[in-house]
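*Asks:* Spelled out from the first residue to the last, the chains are:
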Amino acid sequence: MSKNRRRIEKNCWGYVYIAPALLFVFAVMLIPLIYTLIMGFMKTDLFTGKIKFVGVKQFIRIFGDPYFRLAVKNTFLWTAGSVVFQFLIGFIIANILNASQVRGKTIIRILLMVPWVLPSVVSAMVWDWSYHPDYGMINEMLKRAGIITQSINWTSSGSTALISAIIVNVWKMVPFVALMTEAALQGVSQDLKEAARVDGAKSRQVFFHIVIPEISSSVNTVILLLSIWTMNSFTFIYLLTEGGPAHSSEILSLYIYRQAFKNYDFGTASAAASVLFVITAAIALMYNRFVIRRDREC
Amino acid sequence: MKKRIAMLLAGAMVLTMLGACGAPENESTDNRTEQVQEEVQNKENDTQEDVSGEITVWTGSWNDGLMDEIMKDFYDQYPDVKVNFEYLPWDGMEDKYLSALQAGAGPDVLDMAIAWTIPYASMGKLQNLDGYIETYQVDMSEYYECALETLTIDGSYYALPYRSETMCLFYNKDLFEKAGLDPDAPPATWEELREYAVKLTKGDVFGFGMCGSNAGNTTAQIYSMMFSKGVSLLNEDMTEAAFNTKEGMEVFSFWADLFLKDGAVAKSVLENDNTTNRNLFAEGKLGMFMSGSYDIEPILEANPEMNMGFALCPAFAGGKNSAVLGGWNLGMSDTCKNPDAAFALMRYLASPDVSVDFSSTFSSCKSASANEKYSDEKLKVFLEAINYGVPLPGSPHMNQITDIIYNEAQAVLSGSKDTETALTDAEKGVNDVLQ
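Taken in sequence, the protein lines are chains A and B. In this text, residue positions in the first sequence follow our numbering: the first is 149, and each later residue adds one. In this text, residue positions in the second sequence follow our numbering: the first is 1125, and each later residue adds one.
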C-alpha cells in the first residue's frame, strides 16, 4: 500500500516541476493557435470594432480570392523548388567532403558554414544588391561572361522573382544539409562497407545499397525539417521581392502578413493562417507516417 | 535534499515568470514619480487661467527628449496642468491607436497622421472641437485650407493641424547645363518634364526618378499627377472609385509611358523607392526626382558639391500644380475627462510659434512661413508648395486602396498588363474594398 502511495507522490512532483514550462507552452503556443483557428471563422473590422461569426463562408471566400490561390500555388513551388535543390546540393557536397582526402577540409567546412550562420536579413540585403539590374554583381558577371546581353530584373520581374528567392534560400540551407548528411555518413559503420566490398560489391552498389539505407532515417528527418521551415519562411521573400511584382511571388506567409498588418483584416488573415497550418501539419504527419515510420519498421 | 533543491528551482522559475509579467507596472510607477516632481514645481507659480488636471498625450517616438523644451512656456501659462507624454514608434503606431481607441483605452490627446483623422472621427473616437474653438477664439483661417480639409467633417472641426508638408521637384543644375537646358528654368508642366527627362537621359544617367517600389512612394507620384488634372480618387461619400475616367486614364498612361516608351526612367524602376532615387540623385545619376524638404540634408551630406534647384511639382498643361499633402494633427479623444486642459495643450502646440518647433518639417500656420527657422533660401519653394498640397481622401480603407493601385501600377511597369486593364482592375478592386 505505502509503495503505491510513494509512487503516486513521486508522479505528482513530476507534474509540479514541469508545470511552469507547460504553462509557458500553453500560453505562447497552444492558446494563440486555438485563437487563430477560431478567428478564422470570424469577420473582423478594426474600424467599427465588430467581430461577426461567419463560419465556413470565410474559408469559401478566401479560396475564391485569386490572390490566395496564387499564394498557395507559389508556396508549393517555393517549397518544392527550395527543398529539392537544398537537399541535392547539400548531399552531394557532404559526400564529396566525406570521401575526399583533401588537405584543407576544415577550412572548406568553415567557409561552407557562412551562408547558414549569417543573419537572414544581412544575407537578403547583400543578395538584393547583387541582383540589382543596374548596379548588381550578378548581372555584371553574366554580361562579362557573355551569357546575357541585357540585365535581367531578377527580383522585380514576374518570371524570375520567385526563382531569385529560391536561389537565396538554397544558398542559405545547403550548409545545414551538408552538416547533417556528413554526420550521418560518418555514422555508417566501416565494417559494413568492408564486408560488402569483400563480398564483391562495387563502389556504386556499396553506396546505393549500404550507405543510403543507413543514413535514410537522418536524411528523411532533414527533408521534413526543410519542408516545414521553408513553407513557413517569410524573411527572404519579404526582403527580396515583397511578394511582387503585383503578387507574383507572394507566398502564403506573405499573404497572411499583408492581410493582417496592411489591411487590418484579422479574420481573413486568421483563416489563411489556419489553412497554412493545416497544410503544414498534414504534410508533416503524412511524411512521418509513411516515410519515417516505415524506415524504422524496416 | 534533492527534493528541496528541485522545489527551490521550480519556485524560482515561477517567480521569474511572474516577475516578467509585473514589468509594465514598474514603468507606471516611474511616470508617477516624474509627475509628482512636476506638480511640486508647478505649484510654485501663480495660476493664470482656471485650467487644471492631468492629461495623457500619445506622440511619436521622434519627439522623445524634445518635449521638455517645447513645453516650458505651457507650464508657465498653465501651472496646474500635468501632461504625461507617451512615445510610440512609427512601426505599429496605427495599430496601437486603433486597438486602444476601440477598447476605450486611448490617450486624452492624440498626435495623428492626417490620414487617420477623418477615419477616427467617423468612428466617433474624436471630439467635435467647434465649441472649444469658439470659446477660446481660435482663428481657423490661420491654417492652410488643405490642412483643414483633413480634419473637417460636414463643416465641423475634429482636430487642430500643426504640421503640413508636401513634395517638390529636386533637379540637378549641373546635369541640366550639360544637357543644354537652362539650370534656372525647371519644368513647369509634366509635358516639359518629360521633354527635359528625355534630354537628360544619357549612358547611366536617367532623367526622372520614378518610384516602382514601395506602395506609398509609387502612388504619391501617381496621385500628385492625377490631382493636377483634377481627377479625384474617390467620390464624395467615399463609397466608389472615381479615378477611372478619361483624365485618369490619360494620367496613368502618361506616367507609365515615362518608363515604357520615353525611356526617361531607369530600367530598375521596379526596385527603386524614393530613398534609392535620393541616393542616385546625390551621386549625379538622376536628373530630377520628387521629395520633401527632409531630403535636402541627406543629399548635401552624401555630396557636399551638389548643385541642385527646387521647383513646385509640375502641373499638366491647363491644370494646377499639385502634390500629395502630408502632415500631422492633434485630436481630443472621446474618452478625455479633462477637455479644457486638453484643448489648451492642443491650441498651444498648434499655435504659430510652438508648431514651428513641434513640427519636424513645417508648421500648418500660414503666418509661420515668416519664422526665422524657415529663412533658408532652399526652403522657400517647399513653403510655397504647401498651398498646392492636396490631401488624400479620409477613408479608413486608404491603405488597401493604395495597395491595390500600387499592385496594378507594378503590373503595368513589368509589362504584364496594359494601362486600360490595370486601371479598370484597380477600380474594381477598390470598389470591392469600399463595399
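Because the hints were derived from the structure by calculation, they are not lab data. Please note: incorrect hints may appear among the correct ones.
If you want the footprint, here are the derived chain B segments under chain A, 3+ residues with CB under 8 Å [what the hints assert, rightly or not]:
(1) 1258-1272
(2) 1326-1338
(3) 1392-1403
Below are the DSBU-like pairs computed for lysine-lysine, each with C-alpha atoms no more than 35 Å apart in a straight line [what the hints assert, rightly or not]:
(4) A/Lys-291 to B/Lys-1461
(5) B/Lys-1220 to A/Lys-291
(6) B/Lys-1326 to A/Lys-191
(7) A/Lys-410 to B/Lys-1127
(8) B/Lys-1391 to A/Lys-410
(9) B/Lys-1127 to A/Lys-221
(10) B/Lys-1302 to A/Lys-205
(11) B/Lys-1409 to A/Lys-291
(12) B/Lys-1502 to A/Lys-291
(13) B/Lys-1552 to B/Lys-1391
(14) A/Lys-191 to B/Lys-1302
(15) A/Lys-205 to B/Lys-1220
(16) B/Lys-1326 to A/Lys-200
(17) A/Lys-158 to B/Lys-1127
(18) B/Lys-1552 to B/Lys-1385
(19) B/Lys-1323 to B/Lys-1461
(20) B/Lys-1302 to A/Lys-410
(21) B/Lys-1461 to B/Lys-1326
(22) B/Lys-1385 to B/Lys-1409
To give an idea of the chain B side of the interface with chain A (calculated C-beta under 10 Å), a few residues [unchecked claim]:
(23) Tyr-1199
(24) Ser-1223
(25) Gln-1226
(26) Ser-1246
(27) Ile-1277
(28) Leu-1503
(29) Lys-1504
(30) Leu-1507
(31) Ala-1533
(32) Val-1536
These numbers come from a predicted model, not from an experiment. Here a beta-carbon is modelled for each residue, glycine too, at the ideal position from N, C-alpha and C.
*Asks:* Now look at each hint and say whether the structure bears it out.
*Replies:* Going through the hints against the structure:
1. 1258-1272: Since three or more residues must qualify, the claim that chain A covers the segment 1258-1272 of chain B is violated, with 0 doing so at under 8 Å.
2. 1326-1338: This one holds; 3 residues, not fewer than the three required, reach chain A with a Cβ under 8 Å.
3. 1392-1403: holds (count 3)
4. A/Lys-291 to B/Lys-1461: 68 Å, violated
5. B/Lys-1220 to A/Lys-291: The hint is violated at about 49 Å.
6. B/Lys-1326 to A/Lys-191: 53 Å, violated
7. A/Lys-410 to B/Lys-1127: Distance ~52 Å between A/Lys-410 and B/Lys-1127 Cα, so the pair is violated.
8. B/Lys-1391 to A/Lys-410: 28 Å, holds
9. B/Lys-1127 to A/Lys-221: Violated: B/Lys-1127 and A/Lys-221 sit about 55 Å apart, past 35 Å.
10. B/Lys-1302 to A/Lys-205: Given pair B/Lys-1302, A/Lys-205 is violated - Cα atoms ~63 Å apart, limit 35 Å.
11. B/Lys-1409 to A/Lys-291: 21 Å, holds
12. B/Lys-1502 to A/Lys-291: Not OK: B/Lys-1502 and A/Lys-291 at ~42 Å, beyond 35 Å, violated.
13. B/Lys-1552 to B/Lys-1391: Holds. B/Lys-1552 to B/Lys-1391 sits at ~29 Å (cutoff 35 Å).
14. A/Lys-191 to B/Lys-1302: 59 Å, violated
15. A/Lys-205 to B/Lys-1220: 29 Å, holds
16. B/Lys-1326 to A/Lys-200: Given that 35 Å is the threshold and the Cα spacing comes to 58 Å, the pair is violated.
17. A/Lys-158 to B/Lys-1127: 10 Å, holds
18. B/Lys-1552 to B/Lys-1385: 27 Å, holds
19. B/Lys-1323 to B/Lys-1461: 61 Å, violated
20. B/Lys-1302 to A/Lys-410: At roughly 44 Å apart (the allowed maximum being 35 Å), A/Lys-410 and B/Lys-1302 break the hint.
21. B/Lys-1461 to B/Lys-1326: Violated: B/Lys-1461 and B/Lys-1326 sit about 63 Å apart, past 35 Å.
22. B/Lys-1385 to B/Lys-1409: 20 Å, holds
23. Tyr-1199: B/Tyr-1199 check fails; min Cβ-Cβ to chain A is 36 Å, beyond 10 Å.
24. Ser-1223: 8 Å, holds
25. Gln-1226: Cβ of B/Gln-1226 sits 4 Å from chain A, so the hint holds.
26. Ser-1246: 8 Å, holds
27. Ile-1277: 15 Å, violated
28. Leu-1503: For B/Leu-1503, the interface hint is violated, since the closest Cβ of chain A sits about 32 Å away, which is over 10 Å.
29. Lys-1504: Because about 34 Å separates B/Lys-1504 from the closest Cβ in chain A, which is outside the 10 Å limit, the hint is violated.
30. Leu-1507: With a minimum Cβ separation of about 33 Å from chain A (threshold 10 Å), the hint on B/Leu-1507 is violated.
31. Ala-1533: Nearest chain A Cβ about 9 Å off; hint holds.
32. Val-1536: Status holds, d = 9 Å.
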